[in-house]
Amino acid sequence: MKFAVIVFPGSNCDLDMYHAIKDELGEEAEYVWHDTHDLSGYDGILLPGGFSYGDYLRAGAIARFAGVMDEVRKAAEAGKPVLGVCNGFQILTEAGLLPGMLMRNKDLKFTCRTVSLKVENAHTLFTNEYKEGEEIRIPVAHGEGNYYCDDATYQHLKDNNQIVFTYAEDFNGSRNNIAGIINERGNVLGMMPHPERAVSDLIGGTDGLPLFRSIVKQWRESHVSHA
Amino acid sequence: MKKVKVYVTLRESVLDPQGSAVMGSLHKMGYDEVQDVRIGKYMELVIGDGERDVDALVDELCSRLLANTVIEDYRYEIEEVVSQ
Numbered sequence: 128m129k130f131a132v133i134v135f136p137g138s139n140c141d142l143d144m145y146h147a148i149k150d151e152l153g154e155e156a157e158y159v160w161h162d163t164h165d166l167s168g169y170d171g172i173l174l175p176g177g178f179s180y181g182d183y184l185r186a187g188a189i190a191r192f193a194g195v196m197d198e199v200r201k202a203a204e205a206g207k208p209v210l211g212v213c214n215g216f217q218i219l220t221e222a223g224l225l226p227g228m229l230m231r232n233k234d235l236k237f238t239c240r241t242v243s244l245k246v247e248n249a250h251t252l253f254t255n256e257y258k259e260g261e262e263i264r265i266p267v268a269h270g271e272g273n274y275y276c277d278d279a280t281y282q283h284l285k286d287n288n289q290i291v292f293t294y295a296e297d298f299n300g301s302r303n304n305i306a307g308i309i310n311e312r313g314n315v316l317g318m319m320p321h322p323e324r325a326v327s328d329l330i331g332g333t334d335g336l337p338l339f340r341s342i343v344k345q346w347r348e349s350h351v352s353h354a
Numbered sequence: 029m030k031k032v033k034v035y036v037t038l039r040e041s042v043l044d045p046q047g048s049a050v051m052g053s054l055h056k057m058g059y060d061e062v063q064d065v066r067i068g069k070y071m072e073l074v075i076g077d078g079e080r081d082v083d084a085l086v087d088e089l090c091s092r093l094l095a096n097t098v099i100e101d102y103r104y105e106i107e108e109v110v111s112q
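First to last, the protein sequences are chains C and Y. Residue 128 is where the first sequence starts when you use our numbering, and the numbers rise one by one after that. Residue 29 is where the second sequence starts when you use our numbering, and the numbers rise one by one after that.
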């Protein structure tokens, strides 16, 4: 399976994402610059964390209009897996590919530590290697991860099982502790925590690995059955 | 040529952690009269004369990029600039 790691000016988790796919998963990955106009050769799209365009105006607001984003939208519409982590999640909400918005953490602090997450939905293409309700340890590193959406949107997310990860304990003010959500179709996941930073015991844990394995497993299965 | 002043503020329904922190500080300084603080953004745009209706154009700029209407409201003032 071949992944595109989208690189914006100011992305800084692109190397971690590449490492997770290439070295820990043994799948193909390529860095793809933000002005690329063709993603047709990739099976999965990864939007890494960082501070694209310096977080100017709002986190993700400027990246959302980068040339590659039309292609990301097309990939999402084609049903390819699209994963946005941290700044990638912010870009996906700005682009309207996911509902809601990430605001400043309620305590105004940049929080960088490993937190406990609850897997709320293990029936997605990103989480089928986890158990429903499982608690996993994944690092967070953000100043703007306070997920906001209005009541109607929250109800919709809940009714459609679109809330994939929640924080075991509130630290950033996110609505109902939401840490990660998926689109209605189930192929676009945005999350603030960094699964690509939890892929080896050497760096403190491997709880992020099943997420990447899930994507590959699902892709293999669908490509075998359609062959 | 027109000068456009754009004000972007958080919607009333959205908590403003920065505003709350500033209000807390003002209260500590003894300014108990302050009942609320909301922090927003102010932008100035200079727009050249063209075919498009400036109001419609600015509205589009605001809703597409300058503000995120999920959490923010915007308003703007347009001033005629006399070129020298």
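Bear in mind the hints are in silico, worked out from the structure with no lab data behind them. Among these hints, one or two may not hold up.
To give an idea of the interface, some chain C residues facing chain Y are shown, with a C-beta separation under 8 Å as derived from the structure [what the hints assert, rightly or not]:
(1) 185
(2) 196
(3) 201
(4) 203
(5) 204
(6) 206
(7) 224
(8) 233
(9) 239
(10) 242
25 Å max Cα-Cα, derived BS3-like pairs, lysine-lysine [to be verified]:
(11) 30/Y x 236/C
(12) 129/C x 149/C
(13) 344/C x 149/C
(14) 30/Y x 56/Y
(15) 344/C x 236/C
(16) 31/Y x 236/C
(17) 69/Y x 233/C
(18) 31/Y x 56/Y
(19) 233/C x 285/C
(20) 129/C x 201/C
(21) 31/Y x 233/C
(22) 149/C x 207/C
Facing chain C, a subset of chain Y residues (Cβ under 8 Å, in silico) [what the hints assert, rightly or not]:
(23) 42
(24) 45
(25) 49
(26) 63
(27) 93
(28) 96
(29) 98
(30) 99
Glycine included, each C-beta is placed from N, C-alpha and C at the ideal position.
>> Are any of the numbered hints broken by this structure? If so, which, sorted upward?
In response: Structure breaks hints 2, 3, 4, 5, 6, 7, 9, 10, 11, 14, 15, 16, 18, 21 and 26.
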